[in-house]
Amino acid sequence: MAHYSGRDYSELAKTGFFVGLTLFVIGTGSELVGHAMFGSLPQWENTLFFALTIIGFAIGFASPFVFGIVMPLIE
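Numbering (our numbering), first residue to last: 1 to 75.
Calculated from the structure, these hints are not laboratory results. One thing to keep in mind: the hints can contain errors.
[Unchecked claim] Label pairs and their calculated CB-CB ranges:
1) M37 / G6: 30 to 40 angstroms
2) G6 / F50: 32 to 42 angstroms
3) M71 / G39: 11 to 21 angstroms
4) G39 / P72: 11 to 21 angstroms
5) H35 / L73: 23 to 33 angstroms
6) G29 / A62: 17 to 27 angstroms
7) G29 / F61: 27 to 37 angstroms
8) G29 / V70: 43 to 53 angstroms
9) F38 / E75: 46 to 56 angstroms
10) A36 / E75: 29 to 39 angstroms
11) R7 / G34: 35 to 45 angstroms
12) I74 / S40: 26 to 36 angstroms
13) F50 / V19: 10 to 20 angstroms
The structure presented is a predicted model; accordingly, all values stated were derived computationally and were not measured. Ideal Cβ positions, reconstructed from N, Cα and C, are used throughout, including at glycine.
Please model the entire structure based on the sequences and the hints provided.
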């Protein structure tokens, strides 16, 4: 019989979602504001903002499933 390990999975799911959302907003917002203010951005900045957007989306999407559904079922 599994016992409760003391982890708060709902808090981890919420925190992971909001971290992913924050990364997504920073990536897309910076790219939009950067292009609006400066026109063309250097390639490394485009890559950085794109990576922030993709990583934020992946974390925000996967975190509720992993910590809200899968981990409590495995324990």
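Evaluation of the provided hints:
no. : hint                          : in the structure
1   : M37 / G6: 30 to 40 angstroms  : violated (47 angstroms)
2   : G6 / F50: 32 to 42 angstroms  : holds (38 angstroms)
3   : M71 / G39: 11 to 21 angstroms : violated (45 angstroms)
4   : G39 / P72: 11 to 21 angstroms : violated (49 angstroms)
5   : H35 / L73: 23 to 33 angstroms : violated (43 angstroms)
6   : G29 / A62: 17 to 27 angstroms : holds (22 angstroms)
7   : G29 / F61: 27 to 37 angstroms : violated (19 angstroms)
8   : G29 / V70: 43 to 53 angstroms : violated (31 angstroms)
9   : F38 / E75: 46 to 56 angstroms : holds (49 angstroms)
10  : A36 / E75: 29 to 39 angstroms : violated (47 angstroms)
11  : R7 / G34: 35 to 45 angstroms  : holds (39 angstroms)
12  : I74 / S40: 26 to 36 angstroms : violated (48 angstroms)
13  : F50 / V19: 10 to 20 angstroms : holds (18 angstroms)
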